[in-house]
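S.K.: For chain A, the structure is supplied; the task is to place chain B on it using the hints.
There are 2 protein chains.
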Amino acid sequence: MRDLDELCVNTIRFLAVDAVEKAGSGHPGTPLGAAPMAYVLWDRFLRHDPADPNWPNRDRFILSAGHASALLYALLHLTGYDLPLDELKRFRQWGSKTPGHPEYGHTPGVEATTGPLGQGFAMGVGMALAERFHAQCFNRPGFPLVDHTTYAVVSDGDLMEGVSSEAASLAGTLGLGRLIYLYDDNHISIEGETDLAFTEDVRRRFEAYGWQVLRVADGNDLEGVAAALRAAREDAARPSLIIVRTHIGYGSPKEDTAAAHGEPLGPEASRVTKERFGWPVEPDFHIPEQARAHLRKAVERGRRWEGEWGELRARYREERPDLAECFQRQVQGELPDGWDAEIPRFSPEDGPMATRSASGKVLNALSERLPELIGGSADLAPSTKTLLLGYGDLGFDSDCARNIHFGVREHAMGAIVNGMALHGGVLPYGATFLVFSDYMRPPLRLAALMGVRAIFIFTHDSIALGEDGPTHQPVEQLASLRAIPDFRVLRPADANETAAAWRVAVESRKPVALVLTRQKVPVLDPDAYAIEDGVRKGAYVLAECEGKPDVILIATGSEVHLALGAKEKLDRLGTRARVVSMPSWDLFEEQPREVRERVLPSDVRARLAVEAAAPFGWRRWVGDAGEVIGVERFGASAPGTENLRRYGFTVDNVVERAQALAKGS
Amino acid sequence: MRDLDELCVNTIRFLAVDAVEKAGSGHPGTPLGAAPMAYVLWDRFLRHDPADPNWPNRDRFILSAGHASALLYALLHLTGYDLPLDELKRFRQWGSKTPGHPEYGHTPGVEATTGPLGQGFAMGVGMALAERFHAQCFNRPGFPLVDHTTYAVVSDGDLMEGVSSEAASLAGTLGLGRLIYLYDDNHISIEGETDLAFTEDVRRRFEAYGWQVLRVADGNDLEGVAAALRAAREDAARPSLIIVRTHIGYGSPKEDTAAAHGEPLGPEASRVTKERFGWPVEPDFHIPEQARAHLRKAVERGRRWEGEWGELRARYREERPDLAECFQRQVQGELPDGWDAEIPRFSPEDGPMATRSASGKVLNALSERLPELIGGSADLAPSTKTLLLGYGDLGFDSDCARNIHFGVREHAMGAIVNGMALHGGVLPYGATFLVFSDYMRPPLRLAALMGVRAIFIFTHDSIALGEDGPTHQPVEQLASLRAIPDFRVLRPADANETAAAWRVAVESRKPVALVLTRQKVPVLDPDAYAIEDGVRKGAYVLAECEGKPDVILIATGSEVHLALGAKEKLDRLGTRARVVSMPSWDLFEEQPREVRERVLPSDVRARLAVEAAAPFGWRRWVGDAGEVIGVERFGASAPGTENLRRYGFTVDNVVERAQALAKGS
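Chains as they are written, first to last, in the numbering used here: chain A, 451 to 1115; chain B, 451 to 1115.
Just chain A, same shape as in the assembly (with noise of 0.2 Å):
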């Protein structure tokens, strides 16, 4: 190691350190036995710009093990991102800049949410899959507009997770040469010795999903790591693992002891390991004057790179005016004027239509003027509707093929969708069966934390689909998507409803979930109600009765059409009836109080909601006075229909019920 390179190693190791230190939490031991190969790659390769951390063609770089953000903070404050140094002094603290784990948007430079082990290589894979489609979508001869690659630090943990390895094969299938990552190889995790869980072969792991593999034996080794990191760019066509041999808490007493992992090392013990590189023990957060403008020199280099990209943009504008206004509109994350022109509107003549079928035409409909929509489905595209009709297979196909196959992996397309959003210039879309949307809960999750544009299909909604059964019926889904923060759910009534759904799902700047039928349901129509505004808004009244209801019909999703079945019943029997759709609850409870009064009055206490899915949290619209035919048990294997019946979705029970409730009131 070249003295002054050493120097650089050690400010990261020690500013971390000291960071972890001062806030009484955190884990060293990553930061010291991992920031050699951080350093290499951020001093030598990484093409960023610190003063504009949205470059669009910057390298992204992922820290997947996201408890080591200490070793993140020290590299943006060093290569000088707007972090400033007293950030890292309140490192974890409240309000700080420097959050226990990384945070997107929170902290300048942060491309990712990381800390749940194999999200962030899972969201690499997204990131990469964007770069590729956009520059296959913008890239001309001579023009390399998009061109970068994706980096990340991975740890054992990281590739335990299953997310992972769903991720890491599809990237292996596709053959993502711009994904590089370095895996911080230290034998160690919290229970002890990896040996304990983690005795394969990674090596063949990964050469067994089509990635090239590379190995580094000693992680102090800058020069290994930078052969390393040239070969993994050189290979094109593979991603590649380079598998960095490293020592957790490298230096301290607690070297290669799980101790060094998860607080900090103590006054002594940081003492000791200072003294032993030779660092200043006092004071802390020390930045030696070489090391801070070597490190800075990241500026410069950056400002030099996104001048030069800059120039060729400018070029390229000249050149090919309208793909460039299109790539400036996509990475903006703007939509176009008429985007949403070609959404059909349909007719009760049209016929019963599944939402999943309608919401597979509205998205037809929005490919065309929307060339950044892609995504696909979890191999359930011929049911989820999800094909992108003429627009080919992603990774198979001609050039910005925008069909992309998850396999079986409803995780890992989660948080691919996730890091394509990240990415930037793409609205991505993942799609599946909604009770399977519990395998993918923890990118949902994620992409509501994060506040990306992503849009989740979950179809077959119900009891209602039928003879699959009870292992294919959500019936908790509903509710657990609803608890989420953030996250906007709506489950449309109909296929106009459906298209309203997907009009606030494109303009959304949060993630959405389109909950959507298996089974035909009747056509709404779109002349006689306000259908769009409406859902908009959340709920609306669909069918009002004359004079003061006597009882309120709440219905979501195919449930609405039993609620007009049962008012009009309910109107020959005397009983008013108003029949609420209600598509979203989260819309709507950011509705005015006003709104929400006109939709459901305070005085009409007698409110019925009808919902083939758990009750659970209903009680927030029915109230004290009100009731819910939902699903309290798990579903059956039996022809929808009978299903529905069988768990009281019908329109005597409706009607019953509502009778009941009207005459309490």
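It is possible that some hints are incorrect.
Identical chains blur together in the list; that is why a pair holds if it fits in one copy or across any two.
[To be verified] List time: in silico DSSO-like cross-link candidates among lysine-lysine, alpha-carbon distance up to 30 Å:
hint	residue 1	residue 2
1	K539	K970
2	K539	K747
3	K472	K970
4	K1019	K811
These aren't lab readings, by the way, just hints derived from the structure by calculation.
M.R.: Coordinates of chain B only, in the frame set by chain A:
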């Protein structure tokens, strides 16, 4: 293929085809392709007793590719299980024993509920693990009381799911030689050729995990399958994957296409297929007498095997009555007398204690009297406090070691715990942070659906965990768990409630989640409060006021102490407040109305719930007039006490909100 063998294979094939055809839905493709391997396994290898599906020493068979259920039902019927042909004719109909996907507890001989892909694969690992543990504990020289193998048929979909990667890696690490999987390698998934998404080298991948990998080039080559199964059984040190090249929809006009996967062949294609195989087109559900007679020999073999084993057990009982009795008790899932005698009683003088720590003490106190209690954590044992002290590391230390190191594999942990529970004879537990319960939603759901005895320990249960930040702080997880049908959730308030919760968990016949704090909380005085009875009822009056309460404070877990603190202050301020501790919504829901009314009288409408989690669902308990102090957004990285304060979890805020409510009432 011998004529008789061929006849049997085709009998299986067409029973499945006809069942799907009659149901008008289902999956004929896999049964057509995989019938030969399944036949060889069941006819020549599987040691089972159709007359006694619960014989403890039977080999286990899992159809991880659960969509091929008709194949399994055909085998169960033909080999003599209590599954009449009429049930096959009612495939996928309401109330039949032949649901769309196999359901444990519903159909004799079905060892696990499958359908959600990857779950069967991972549950099999749990079964093999339980078998080995039990063999170590009970077998003695000359007495191989526990001596069986776990088999499964797995699909490409199973192998794509991350959970199977996690489970396979752990199975390899532990060298589970009694685990043998047949991989139905048919090159087709729902979206088309598996090459679209799955080009990995499965052989190399599984070799990397430490498995023996065998290949059968032609799935119709019965001798090839048999030879591979023999080789698999001979390798006692490694699990085996047998890659069997098959053709989906074999022999049908839809062979080798995705169209053969998920829908009936249709009458015409069905006829053509039968003709190609020289099978009578009519009648359907045809079973040639020779085939029936041959396959039915399983009954006689089974009776003989179980008889021999019964003799072995009788001799064992004479030799080792103590062990025999314990074995008998464990496989029957009964608890020994005095099983809970060592559970500690905590005293307020012990000082504040995190409920995770109390749980660790209780768990260890239980471990001696409950030798069937085995489990571990997804690499968080030191944090979840789930190490059984003195009981060694399973797979590494001496026989009967009980601590399982699952690695950072929450999803597989959940499925493996399920598999161990299904195997029987053990009471398994798995632990991680509450937020990471998201990684294991599918097995949690399956645990509930199957009704297995399994205990899930989720610690670090709120924003109070502090500095690790929002990625690690659960918010919506409690609501999401509570929404699962047939799943028990307990969030105890202190060490004594934790002990009571453990009693509930050990006695429960359904899966239980214990939700525990990271931070210390005071110990409630067990002499002053009826804690054990209260926890069993789900909610109870912890602190009473004189006369009718002005307000009821309802809290769970750590927030109970906040409620108690607020009550003290409210007392001084002249507001009569009752404090209800509510560790379990579901237990309370099951109480008779009078019990619930005594705790939450309907005429006290001023109710304030306090829980550091999403308020989702609380309206059920606080009513229209009540309020909730909850967490309505994601958490933050800061010391836990600061988080609590910033999010409103202070005595003053509770007092203020309670007074406002009391005044309003």
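S.K.: Each hint needs a verdict: does it hold in this structure or not?
M.R.: Hint by hint, here is what the structure shows:
Taking the closest pair of Cα atoms, K539 and K970 come within 30 Å of each other only across two copies (27 Å); inside a single copy the shortest separation is 59 Å, beyond that limit. Within a single copy, K539 and K747 get their C-alpha atoms as close as 23 Å, which meets the 30 Å cut-off; across copies the closest is 75 Å, which misses it. With identical chains, the CA atoms of K472 and K970 are at most 30 Å apart between copies only, with a shortest distance of 22 Å across copies and 61 Å within one. For the identical chains of this complex, K1019 and K811 are neighbours neither inside a copy (33 Å) nor across copies (61 Å), given an alpha-carbon limit of 30 Å.
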